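Novice: Spelled out, the chains give:
Number of protein chains: 2
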Amino acid sequence: MRATVIHGPHDIRIEEAPDPVVRKPTDAVVRVVSACICGSDLWAYRGVASRTAGQRIGHEFLGMVEAVGSEVRDLRPGDFVVAPFVWSDGTCDYCREGLQTSCPQGGFWGEVGSDGGQGEAVRVPFADGTLVKLPKETADEEKLLPSLLALSDVMSTGHHAAVAARVRPGATVAVVGDGAVGLCGVLAAQRLGAGRIIALGRHEQRTAIARSFGATDVVAERGEAAIEAVRELTCGQGAHAVLEAVGTEESMRTAISIARDGGAVGYVGVPHGGSAGVDISQLFDRNVTLAGGVAPARAYIPELLPDVLSGAINPGLVFDRTVDLDGVPDGYRAMDDRTALKIRIAF
Amino acid sequence: MRATVIHGPHDIRIEEAPDPVVRKPTDAVVRVVSACICGSDLWAYRGVASRTAGQRIGHEFLGMVEAVGSEVRDLRPGDFVVAPFVWSDGTCDYCREGLQTSCPQGGFWGEVGSDGGQGEAVRVPFADGTLVKLPKETADEEKLLPSLLALSDVMSTGHHAAVAARVRPGATVAVVGDGAVGLCGVLAAQRLGAGRIIALGRHEQRTAIARSFGATDVVAERGEAAIEAVRELTCGQGAHAVLEAVGTEESMRTAISIARDGGAVGYVGVPHGGSAGVDISQLFDRNVTLAGGVAPARAYIPELLPDVLSGAINPGLVFDRTVDLDGVPDGYRAMDDRTALKIRIAF
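Chains as they are written, first to last, in the working numbering: chain Z, 1 to 347; chain B, 1001 to 1347.
There is no bait here: all hints are sound.
Simulated DEER-style distance windows between Cβ atoms: (1) 272(Z) <-> 1320(B): 44 to 52 Å; (2) 307(Z) <-> 1104(B): 37 to 45 Å; (3) 1098(B) <-> 7(Z): 53 to 61 Å; (4) 77(Z) <-> 1098(B): 54 to 62 Å; (5) 1285(B) <-> 7(Z): 24 to 32 Å; (6) 1281(B) <-> 225(Z): 24 to 32 Å; (7) 1098(B) <-> 272(Z): 34 to 42 Å; (8) 168(Z) <-> 1133(B): 28 to 36 Å; (9) 224(Z) <-> 1098(B): 26 to 34 Å; (10) 302(Z) <-> 1285(B): 21 to 29 Å; (11) 311(Z) <-> 1285(B): 30 to 38 Å; (12) 11(Z) <-> 1281(B): 22 to 30 Å.
So the derived list for chain B, only partly shown, Cβ under 8 Å to chain Z, looks like this: (13) 1101; (14) 1262; (15) 1278; (16) 1280; (17) 1281; (18) 1285; (19) 1289; (20) 1291; (21) 1294.
Since the hints were made in silico from the structure, they are not lab data. Please read all numbers here as calculations on a predicted model, not as lab measurements. Glycine included, each C-beta is placed from N, C-alpha and C at the ideal position.
Take these sequences, add in the hints, and give me the full structure.
Specialist: This is the structure in structure tokens:
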């Protein structure tokens, strides 16, 4: 089969790779129908997160089950499935509690020795614990595929930010970051009944999507000016719930500063270095909670799926370009230089 | 009247001060019956937190209302009251929501221009919003006074840590810090139904109180060894809820490290500097929530009071020495060199 391989910074190639096979009785092999490129893949692409030369990449995909091991009970060849961005055994304490990202047997697609999502097929460990079955007929619904694929990571992660920030019906919400996760955070906040949603972002094409996802206000400023603008919109108080979807020191500082006293920052931007931007004294004086982390997509997919199927939410709108496998290196370039928001790969 | 005054590091004096009077129609004057010295007063005593020479000090007291302004509605002379460690107007958004520590008109006893709690009398701004009435007959119950006084700060703060750490019935709880706040955190966790309470501390006299407050395990180690010990006690997972009651970089690092994935750290130790000990990557990877801050004692006192009156909780046991006003400078010395846990002042 052919798969995406990272050889170093800015060096993404499509190469021949061994066809995945069932190695353990709990494995499945999935033929990928659609995958995508994540903003967090860019950390590897830019060399900020280190990778071994020749490592696979990509952690979001949906597809058809092609083969299953002897101990796989809930899936069979021909099932249409979506994969969360980490695999998990489905049986440990954490999996049973819905925090599958902490499964001791879990792992991340593309880590050394595993297949990545941006390839024609994937060996899936702990298939029962990992994969979520989709209605078979949806495999032919081209218009639905992007939104189903978004459940794999970006929509589940936006939802995690909203849950961590304790978005409640009627709450004033602010979302820092107009990338695909931030936009899905807007959608998640709207879905949870937020009364007002302030999207921070300066790219008009993106803030237009934010508005279509439920943002009531857009703040194009950054840093101090953004903080002032949000305070002005909220009678000086700030937002009950702030979703931080970037992961830089500046974005965290902004997020904490625009949170209302007693409110919460739900952060899902992968943090880079130390305690970037976390001012503990500010959190302390104002009783602002800091919550979030890596999203347990496996727990959220079943919860969000009905709303995708009904059309109540359409997170697939974050994809603004579709490529085939050969177009993936170009896709990375486009996301890196921000000419594309999020790239979908159709096989 | 006579009051405690701080002139500089290690320079606490008892001096003559003007008798407080009602200045604003919402003021009351309270004749102090009992007050105490707080661990956080030691930051000023040691010169870590700066004070203006001649500033009053002390922020925990109970006493008799002596005079009220014309707009005070709920209190009258002769009422027995306890004061939370900040005053608040009782009418703003934050006060109505129970986050009185964020009241824009609020303030801290002893700040420049205000009376401190460690004096014979105190002018209380926004008396209706600030003071909590106690049953009159309790003023004569010598045995109850220490526990009623503890509501002013130390017990309310321990409770805040437990609430912020999301202590639930049956939860495994760890408490970092064996000072008076940490001990009250143990008591609060027990009151909220914790299944297991691990107290971290090395002072036997203090851990004995922790045990009497409900601690099921005591870990005397520090740093890495403490982390290992807690992990061993919890099948390698850590505690669902961790109460951080110290405020140093090491204690915060320990608290985060012993939290179970998906759990929460409730911190109430006044932080000193930057983002001391907060490792955002560890929080992110394990979905550990960081919550807490300055405790809204005004909201908690009415909730905790019935349990003090019934004897269900006895937080006054954290006081291990009582002095009169002249004994206060000695009391600071004793708390500073850790020969006393917490000093009560009887007038």
